[in-house]
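Student: Below are the chains, spelled out letter by letter.
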Amino acid sequence: MTEAVIVGARSMPKRRRRRFTAAIAGQYLALVVTVALTVFPLVWLFLTSIRSSADIFSVPVHIIPETATLTQYVAVFAQYDTMGYVWNTVIVSVATVVLVHLLAIPCAYALSRFRMPGAMLIFGLLLIMRMIPVIALAIPLFAVFAAMGLLDTVWALILSHTAAKLPVAIWLLLGFIQDVPKEIEEAAQSDGAGTVRTLVQIVAPLIAPGIGASAVITFLFTWNDLLLALTLTSSKAAQTLPVGLTNFVSQYGIDWGAMSAAGVLMVIPTLVFVWFAQGLLVKGLTTGAVRG
Amino acid sequence: MSGTLSRRKFLAASAAVTAGSLAAPWVARADAKEITALLITGGPLYPKYWEKIVQDFTAKTGIKVRYDLLEFTPLTAKVVTLSAARSSQYDVYSTHTAQIDSYFNHFAPLNSYFSDSELADFYPVAVKYLRDPKTGNLAAIPRNMDARVQYYRSDIYQEKGLKPAETWEELVDVGLKLTGNGHYGLVVPGQGDPAQRTFSDLLWQAGGDWVDQANKPAFNSEAGIKALTFYRDLIQKHKIVPPDAVGYQWNENSTEFSSGTVYATFDWPGAFAALSNPETSRVVGKWSTAPYVRDKAAISCAISHAMALNGQSGRKEPAVEFIKYTVSKDAQRLQFDQFTNFPSSQSLAKEVIAAAKGPQATWLQQLETTIANGKEWPKLAGFSKVCTLMFSAIEQALSDQASPADSLNQAATEAEDIMRRAGAYD
Amino acid sequence: MAPVAQTRVSGRRRRSPLPYTWQRGYLLASPALLVMLAILIYPLGYSFIMSFFRWDLSGSAPFIGAGNYTDELLGRQFNQALRNQTIFSVVSITIEVVAGMAIAVLVNGKLRGMRLARTLLLVPPMIAPAVVGLNFRWLFNTQYGLVDALLRIFNLPDIPWLTHPAWALVSVIVADVWQNTPLMVLLFLAGLQSLPQEPLEAATVDGATPWQRFWHIVLPLMRPVIMIALMLRIIDTFRTFDVVWLMTQGGPGGATNLLTVYSYLLAFQAVDFGHAAAVSYIALGMSLFVLGLLYGVPWLIAKRRAI
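Which chain is which? The protein sequence lines are L, D and E, in order.
Sequence positions in the first sequence follow the working numbering and run 1 to 292.
Sequence positions in the second sequence follow the working numbering and run 1 to 426.
Sequence positions in the third sequence follow the working numbering and run 1 to 307.
This is chain L alone, in the form it adopts within the complex:
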């Protein structure tokens, strides 16, 4: 990365010393406030998850739990059979990532390299598909999968997520492919490589960071989805974790403790990716935008 451009003090080297304290202090203040506001709802989620059920409904509120307990986490697995939800969510998310990229990479390659009539139409459709409110699709989508006999299977979720996540993945990958110098491909082709080989052996490795970025994004957005899973599943055979989350709400009570514990579990993959694949995530979220 190039040296960051600072709008504040740092780009004025001569006066740096004099303005150092005030400007830097201001920056730190902004940083601390931002981080605090970002973190505190999550801390509250975590604190709720380690409270006893009695402590959760205590008046006045104990901001720091009186005692820390893992009973809510135990309940999540023992009482609510959460492992099944986790497993379904993992299968759906991983399969969606694989399928999306098998389809999106050639499509993005075609759209960025080949002179395709109607490409503008395709771009327009991609944008519209990105814009559809899922509610509008819920019932007809259900009918489609009912006709296929795939209702209440992970396949219904995998296929619908694949279709829903494709536009974003294609869009993201387009940008990365455009950055690959055409000369490299031409060299490969004059050596006798065909289109598919060029794509698999030359282009794909060059855009690996882009593929990684869109894989991470696709994974997390699939992992987090509630509405499609709610619509297309009705049993433990295919229900995912966000649907499981709604099961803590029953007619005779909301189990806030266990629900918070499940919420914490849901956030774990996000934290893992944020920690270990931060670069890819930032790329995935910002690439399309910064390119303009």
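Just so you know, the hints here were simulated from the structure itself, not pulled from any lab data.
Remember, predicted model here, so these are calculated numbers, not experimental data.
Glycine included, each C-beta is placed from N, C-alpha and C at the ideal position.
Be a bit skeptical, because a hint or two may be false.
[What the hints assert, rightly or not] If we take Cβ atoms under 8 Å as the criterion, some of the chain D residues that face chain L in the derived model are:
{"id": "1", "residue": "T36"}
{"id": "2", "residue": "L38"}
{"id": "3", "residue": "P44"}
Since the structure of chain L is already known, use the hints to place chains D and E on it.
Tutor: Same frame as chain L, now just chains D and E:
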């Protein structure tokens, strides 16, 4: 009907085209010895109950039942989706009086499968509101009754020398004496369907009703305005109800009582079991039941969880056998024994009340009284959509966005329009 | 895959050194396009067509032209939802973009702890809206929630976050701002870091104040990034559902009914799919229209200036 047919064909044909190349693994199951059901669950005991019912049924008839279980709210949404797609995935549905009017043309009528003498044993109020008022067709058969009584903290009441409220005035008086130090005297829900239920009870108690003789909206009568004003004042003026109640559904309502924060509520039969269970209740042994409050009349809703037959089902005969089994006395007795669900069979109800002892007997008698005086809102065409309107109108009054009179008058005008367009007056 | 291979064999005899023909393009693109067509476009088309029918469970479905649309456009509940949607979108997007830009500019430096801060900022946009909605519902509970508990510590009165109509709208906006401002920060940080250095250095030499440099140089250069950020947020605020549904279900009294929430209520409570579909398509049309304005107006102005 031709419109439906062509639409259905369009949907089926185009979906089939979509599915064509995928060589769908779906094969129509013509096996009459197996049926499918989408059933209600709630709490840890329900799955075991259904397992037992299905086992016994299969042992008796040789018909296998594959079933899925959903909680009430997701179940309702799922049945809507399945019906919209004209799905035959499930032959049998768990359903409920509340939204039944939407399904009059979708569930297969059960009249021909039940003799008059069989039907006579079900509570009349339950059967009445599961019928299409236009055709008289029975859309579902009641499995257990849903009605409410008052639950109150007997320990606190005794300590303060209070008796459970019998009238609206007493409800406020008692509530005021109990409210303070982070505790509240009463909790009522204030969002969505639960808000409409609560308003509905108060409307009848004040002497009003939803519609007049000509089925025109009448809930904005003087009684209706009085009821909604009283409801709002419990929260906004007397402040004997937690302020967040405006956003509460049944579950949070129940939680306020079971967590010990609030000292009285009106709740469903299932609360009796939930409040007795130390895993879900912090007030075990500290509560008691009393009749619902009254004003001019002592009326509140008496509705039922019911079983329905999917009109699209290709296995109607075995499916009806299963439905009949789920509402049989044996099944209802098991249901009562396991989680005190109140029977829909009058004769069985008499038996269990006679056999009950102590607080449970008192409670069952109170419940039986509620059911005997019970009512439900009308099952006119378009009323489900009127409900959506009512949620909003009631919430607006409860949250002080509009006066009770204004919000009810507006809702009445719009409700008449909705019902007219839905064909309620044709 | 077989057809692709065949084309490759016949094309290998170098008819052209650049075999980027449109046929091959479509072959490569078609699997993805077909999947989207089958799984998205078909249901989209179906529900769009059905939005012109009376579509419920009543057994007959007559064609009623634009009836569902006119009912809704003239209806009180729709217009309330539209008003809420407008406030929700305008206020949350404005806060997210302005705060996002301010934070990005302020933290765009080599501060100690900057890496950690950036890591933490990635979390909110990436966690499930369902978790955000439930968590904020609990945070904003008047009796047991953290926010009012904190207010009480400072002897401030309780705020009826979810039960007062205006506060309820504020609450869902707060949840949306919490989840999405960090995304804006990340976008703008990436934008700031790819700005050309020369104009800024030149301005510094000319003695411009930091504010002048920001307003006259940075902001115009950042325009493309800001436009994309606006586009993303406009699209997503018109699709927002989970957070609001789990916080308020559109209540109290429709005070937080957004178009998607209203559409959901129409479909699943009122069992009126035709009207529900019409509301969805009005929402889609509106977000297209707003995007059109966003990109069309500056284009028109530029064009006029060119003449």
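Student: Look at each hint and say if it fits the structure.
Tutor: Right, here's what the structure says about each hint:
{"no.": "1", "hint": "T36", "verdict": "violated (11 Å)"}
{"no.": "2", "hint": "L38", "verdict": "holds (7 Å)"}
{"no.": "3", "hint": "P44", "verdict": "holds (7 Å)"}
When held up to the earlier numbered hints, the structure conflicts with hint 1 and nothing else.
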